[in-house]
Amino acid sequence: SQQGEEDPQALSIQEGENATMNCSYKTSINNLQWYRQNSGRGLVHLILIRSNEREKHSGRLRVTLDTSKKSSSLLITASRAADTASYFCATPGGGNKLTFGTGTQLKVEL
Amino acid sequence: GAVVSQHPSWVICKSGTSVKIECRSLDFQATTMFWYRQFPKQSLMLMATSNEGSKATYEQGVEKDKFLINHASLTLSTLTVTSAHPEDSSFYICSARAGTDYGYTFGSGTRLTVV
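Which chain is which? The protein sequence lines are C and H, in order. So for the first sequence, the working numbering puts the first residue at 1; every next one is plus one. So for the second sequence, the working numbering puts the first residue at 1001; every next one is plus one.
None of these hints come from the bench; they were simulated from the model. Note that beta-carbon positions come from the ideal geometry of N, C-alpha and C, so glycine has one too. Check before you lean on any hint, since a few could be wrong.
Distance ranges between label pairs, derived from CB positions [claimed, not checked]: (1) C:L110 with H:D1065: 48 to 58 Å; (2) H:T1082 with C:G40: 22 to 32 Å; (3) C:E53 with H:V1003: 20 to 30 Å; (4) C:E15 with H:K1041: 18 to 28 Å; (5) H:H1085 with C:R54: 44 to 54 Å; (6) H:V1003 with C:S58: 17 to 27 Å; (7) C:A82 with H:R1111: 19 to 29 Å; (8) H:W1010 with C:E15: 25 to 35 Å.
Using the sequences and the hints given, assemble the complete structure.
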């Protein structure tokens, strides 16, 4: 299955700054999900946004979805060193299989 | 919340041997589980869909005879890497979904090193 594209591939910011990651996908979707992966660990589900939603918030996370452009963004506000991780968008397809984006490696420095 | 337990977290094996990785849903039943493979600094690639009580569905290019999947119960799926070779060294992750309104829950992954 085709992966979506994420940009940037890598992002380095200072603690307290905001981090924005973008995701583009290829097919029509029912929802789009964002996951976080700490180095060498499994993935943690962060947020799910449905195709009829344009924006969703969860704590310091803000996700937007533009189905006309087949794109989504994840904003982490007031970043912390503990936010350092890889972030992936994912879209469910046939058979409920998730297709992952290429990922953004975020590094938050003190 | 939904928890998926994956064991072992890491394993080192010799070339030619087989390795079994277990994936358990602890507090929900999963008729379907998914197995992924991830190379360093890369995204997850779906290997196969594990279906309880029936054969797994493999993605294109994945050798079904090499990566044996068994899903004998609603809470357990296993992936066996048979006749492992160094190129099979990778990070393997399983996942399942607790319900249609939820995201997917992932195991903590297994780091396989074949020497």
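Subject >> Hints breached by this structure >> reply: Violated hints: none; all satisfied.
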